Amino acid sequence: MDADVHGPSIPTVMNLKGKKAIVENQKIQPLMNFGIKCMSTGFLVDEDKAMIWRGPMVIGAIRQILTSVEWGELDYLIIDLPPGTGDASLTLAQEVEIDGVVIVSTPQDLALADVSRGVQMFNTVNVPILGVVENMSYHICENCGNHSHIFGDSGAENMAKNMNLQFLGKIPLHQNIRETTDKGQPIVVSQPKSQFTQAYNSIAMNIIKYCTNK
Amino acid sequence: MVNYQTILVLSGKGGVGKSTVSSLLALSLVKMGKKVGLLDVDLCGPSIARIFGLEQHSVMNGPNGWIPVYADDEQRLGVMSLAFLTKRDDPVVWRGPKKTSIINQFVHNIAWGDIDFLIVDTPPGTSDEHITAVEAFKDFNLDGAILVTTPQNVSIDDVQKEASFCRALDLEILGVIENMSGYVCPTCSDCSFVFGRGGGERMASESNIPYIGHLPIDPKLTASMDGTNIMKDFETDSIKPILSFIQRYSKQ
Numbered sequence: 001m002d003a004d005v006h007g008p009s010i011p012t013v014m015n016l017k018g019k020k021a022i023v024e025n026q027k028i029q030p031l032m033n034f035g036i037k038c039m040s041t042g043f044l045v046d047e048d049k050a051m052i053w054r055g056p057m058v059i060g061a062i063r064q065i066l067t068s069v070e071w072g073e074l075d076y077l078i079i080d081l082p083p084g085t086g087d088a089s090l091t092l093a094q095e096v097e098i099d100g101v102v103i104v105s106t107p108q109d110l111a112l113a114d115v116s117r118g119v120q121m122f123n124t125v126n127v128p129i130l131g132v133v134e135n136m137s138y139h140i141c142e143n144c145g146n147h148s149h150i151f152g153d154s155g156a157e158n159m160a161k162n163m164n165l166q167f168l169g170k171i172p173l174h175q176n177i178r179e180t181t182d183k184g185q186p187i188v189v190s191q192p193k194s195q196f197t198q199a200y201n202s203i204a205m206n207i208i209k210y211c212t213n214k
Numbered sequence: 001m002v003n004y005q006t007i008l009v010l011s012g013k014g015g016v017g018k019s020t021v022s023s024l025l026a027l028s029l030v031k032m033g034k035k036v037g038l039l040d041v042d043l044c045g046p047s048i049a050r051i052f053g054l055e056q057h058s059v060m061n062g063p064n065g066w067i068p069v070y071a072d073d074e075q076r077l078g079v080m081s082l083a084f085l086t087k088r089d090d091p092v093v094w095r096g097p098k099k100t101s102i103i104n105q106f107v108h109n110i111a112w113g114d115i116d117f118l119i120v121d122t123p124p125g126t127s128d129e130h131i132t133a134v135e136a137f138k139d140f141n142l143d144g145a146i147l148v149t150t151p152q153n154v155s156i157d158d159v160q161k162e163a164s165f166c167r168a169l170d171l172e173i174l175g176v177i178e179n180m181s182g183y184v185c186p187t188c189s190d191c192s193f194v195f196g197r198g199g200g201e202r203m204a205s206e207s208n209i210p211y212i213g214h215l216p217i218d219p220k221l222t223a224s225m226d227g228t229n230i231m232k233d234f235e236t237d238s239i240k241p242i243l244s245f246i247q248r249y250s251k252q
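First to last, the sequence lines map onto chains A and B.
Mapping the first sequence onto this note's numbering, position 109 (from 1) lands on 109, and the numbers just tick up by one.
Mapping the second sequence onto this note's numbering, position 195 (from 1) lands on 195, and the numbers just tick up by one.
Hints were generated in silico from the structure; no laboratory data involved.
The structure presented is a predicted model; accordingly, all values stated were derived computationally and were not measured.
Positions of the beta carbon are idealized from the N, C-alpha and C atoms, including for glycine.
There's no promise every hint is true.
As the list claims (entries may be wrong) - When the alpha-carbon atoms are kept at most 25 Å apart in a straight line, the in silico DSS-like pairs for lysine-lysine are as follows: (1) Lys240(B) <-> Lys161(A); (2) Lys183(A) <-> Lys193(A); (3) Lys170(A) <-> Lys220(B); (4) Lys220(B) <-> Lys49(A).
Stated by the list, open to error - Label-pair restraints from in silico Cβ distances: (5) Phe34(A) <-> Leu169(B): 47 to 53 Å; (6) Pro186(B) <-> Gln26(A): 54 to 60 Å; (7) Arg88(B) <-> Pro128(A): 47 to 53 Å; (8) Gln195(A) <-> Pro186(B): 30 to 36 Å.
What the hints assert, rightly or not - The following residues of chain B were derived to be distant from chain A, with all beta-carbon distances above 10 Å: (9) Ile67; (10) Val92; (11) Glu162; (12) Thr187; (13) Phe195; (14) Gly198; (15) Lys232; (16) Lys251.
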């Protein structure tokens, strides 16, 4: 579920760009790819159109996606949130029974300040934090393999430790991830043997472990 | 009416470096001898105070409104942010009306003094903060907006929406900056276009928007954003496109 109403990226990432959702039996039908049912405002409005929406409309859209989509039987619903502690996050936190929040951050201090706010917000509304992922952890040079900590070193991992949160894993910064994402060929599908796929798989396993043990 | 010119810095996507670009625009203007205000209307993630090492400061009220926090002793760069009104790391979980109210105060009630330019950093997207800011600034010299994107498709998609927002609200787009455009490996000097390349330039050309230029990923710049002395440390080679744009813009 793409809860980023202003910047819906799920259609591009899941290779469903340009597709529109249809309504059947008064329910919005999710679009399917790679075995995953997807819903986004990107499927409901024209691509180039800006969602110049104040809070109440954002809340309305989120509610509609939650309640009017024919999700069917699911084991997991992954909700992609916009950055910040705005209406989308608040509405979901207050209206959905969330099993856990995965916080994604780059290592740099500037990003971590926002992580801290997010964690506090979810704590305030009693939504459990599943753990922290450090994205763009270090750059791997395609040419020589050198690792550079261009956004800082282990900032998110250290913050997770300091805040007593589970650290789910690091994803490095590599062209392959961006290229495959932009093409709508997620790397875990298009390059299953890649080390980056291993990184995502490891995080997914940690999430399953957490949810199973709850 | 006010005597200063105002630029909004917008992006469709989060994490593309909007606050960095806003800070660099402000610093470049100061370097050219201008007096600048830097207003952060990203209420949920107010990064500007952090970038300038001003988080511990709070705001005082004067006869002409809230007094900005100055980033330098000479008072060439005044900063205003919700960070000065809240405790550090406290989340801001406000709904629309409260956000609208504070932004209106930020627009109307700050004693900027005799600044030449006001740079406004915004949150990503096109929501309450943006609508309120544009509407509130209508009575002021709102020159237009600068759009920040990274080169990759998911960012370009969102910045196109931002451009569409500007058109819908009759806000002139002063230009597009493509950020995080390339990284030079310190070991082998190979330039990696890890977020792609040219997406911002292409989008600007296709949408008939001026292209300001691209900024590479520069660890020195990242470090200066995380450090404590950005007013001295910001002048790396990588920010040339911003300096050129500011040179042209400030002469108008």
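Verification of the hints:
1. Lys240(B) <-> Lys161(A): violated (39 Å)
2. Lys183(A) <-> Lys193(A): Distance of about 18 Å is within 25 Å: holds.
3. Lys170(A) <-> Lys220(B): Satisfied, since the Cα-Cα distance of roughly 22 Å is no more than 25 Å.
4. Lys220(B) <-> Lys49(A): violated (37 Å)
5. Phe34(A) <-> Leu169(B): 47 to 53 Å: violated (38 Å)
6. Pro186(B) <-> Gln26(A): 54 to 60 Å: holds (58 Å)
7. Arg88(B) <-> Pro128(A): 47 to 53 Å: Violated, since Arg88(B) and Pro128(A) (Cβ atoms, about 24 Å apart) do not stay within the stated range.
8. Gln195(A) <-> Pro186(B): 30 to 36 Å: Given a distance of about 21 Å, which is not inside 30 to 36 Å, the answer is violated.
9. Ile67: holds (24 Å)
10. Val92: violated (6 Å)
11. Glu162: violated (7 Å)
12. Thr187: violated (4 Å)
13. Phe195: Incorrect as stated: the minimum Cβ-Cβ distance to chain A is 6 Å, not above 10 Å.
14. Gly198: Given a closest Cβ separation of 12 Å, the condition holds.
15. Lys232: holds (18 Å)
16. Lys251: holds (31 Å)
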